[in-house]
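Q: The whole structure should be built from the sequences, with the hints applied where relevant.
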Amino acid sequence: MWRRSPSFILDKQQSNLQQPPHQYDDVLYHPPPPSSMTQVSPQNPNPNSAISAYYQTRSAHHAVVTTDWLSQAQAAVGGGVSTPSSEDGGGGDGGGVKEGESVVDEFNNWRKQPDLAEAVAAIRALASVIKSSMATTMMELEIELKKAADSLKSWDATSISLTAACDLFMRYVTRTSALEYEDFNSARSRLIERAEKFGEISYKARRIIAVLSQDFIFDGCTILVHGFSRVVLEVLKTAAQNKKLFRVLCTEGRPDRTGLRFSNEMAKLNVPVKLLIDSAVAYSMDEVDMVLVGADGVVESGGIINMMGTYQIALVAHSMNKPVYVAAESYKFARLYPLDQKDMAPALRPIDFGVPVPSKVEIEKSARDYTPPQYLTLLFTDLGVLTPSVVSDELIQLYL
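Each step along the sequence shown adds one to the number in the UniProt record's numbering, with nothing skipped, and position 329 is 329.
Hints listed in this document are in silico derivations from the structure and should not be mistaken for laboratory results. None of the hints are false.
Cross-link-like lysine-lysine pairs, in silico, PhoX-like; alpha carbons within 20 Å at most:
| # | residue 1 | residue 2 |
| --- | --- | --- |
| 1 | K146 | K197 |
| 2 | K268 | K244 |
| 3 | K274 | K322 |
What follows is a set of in silico ranges between Cβ atoms, one per label pair, in the way DEER data are often shown:
| # | residue 1 | residue 2 | range |
| --- | --- | --- | --- |
| 4 | S154 | S389 | 25 to 35 Å |
| 5 | I192 | Q312 | 43 to 53 Å |
| 6 | Q341 | D286 | 22 to 32 Å |
| 7 | K147 | Q214 | 37 to 47 Å |
| 8 | R171 | L315 | 27 to 37 Å |
| 9 | D343 | S319 | 22 to 32 Å |
| 10 | Q241 | L339 | 38 to 48 Å |
| 11 | T387 | L260 | 24 to 34 Å |
| 12 | S392 | Q312 | 22 to 32 Å |
| 13 | K360 | R175 | 51 to 61 Å |
| 14 | S284 | D343 | 27 to 37 Å |
| 15 | T387 | P255 | 25 to 35 Å |
Bear in mind that the values here come from a model prediction, so they are computed numbers and not experimental data. Here a beta-carbon is modelled for each residue, glycine too, at the ideal position from N, C-alpha and C.
A: Structure follows, in structure tokens:
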């Protein structure tokens, strides 16, 4: 296992910088306006519970995807890491849940931004709960925070990253013995500080992964990607900015055409790209030097849960001795241990074949599958470059 700390990587990038940093302040996210108090709503506001809200969000965001938010990768490689400041609305003591709104409303305000991952939006919303809480004791505050986290998790029980981010937030924020020896105001300030730090770490995750993965992308390689992963896109854009010469094969990604959108982004970067129909993976695998995919969730076994079709691509790649790399943020590490494809909550999505389908014909609408760890080579994470067998150790460290 090869590992470096995220701070080491980013500090090294900054120390080796020989040119003035680029300015990307204009593309940083803008948070909801500040407010004063919170109210947790237990109901599930997902308007269409028959379809995974996670995939509703992805569909809505991909329809308006631009390359602007990918300046995060440029900041990591060319201009260092820029973090949200109070001027940008991303830090300071301001912010909170508006009076009369629930934590889910605050979460929905954050997730409207295509550049912000759903899990990071949940982390920001939970941080707002602490800032605007009217609790007078630590016990009251922890109960209120737990109710807020449960409310977010129930908003879409099929989203693995949302559940994992809420659990990790609760562990990170409250995991300090200093809280037992401080008065309430000091302890609350410490919680806010830790909440903001966790949000900052999560927000930087993609940039760190983009930097760590560059050693594995070499000139002349052909990379097969599947689906539209924002972290994979950032990895490849960083490689293009580093003047590496490579080409990309994109699967079509039916039924939501995620591969088509990904190929459009590659074309904007002037990266040679070929679009494949999903059934042409085995046919084209002999051209491929590596497979690079994202993940909806990384489970305890070291396997991943990702867009439907990832498993069969990994099987083909493994049979032809092609490495399969996964780019995933640490807030997607989940305490799950699926034993087979059906051993997880289904995430459904609508499928339109373009022609009428008889009512007696059953349609498989599951949006994701499980890829066991034996078919994966390495995971690029903000914790380092990991082998699948090390994931369980990292999960223990994260949740201790």
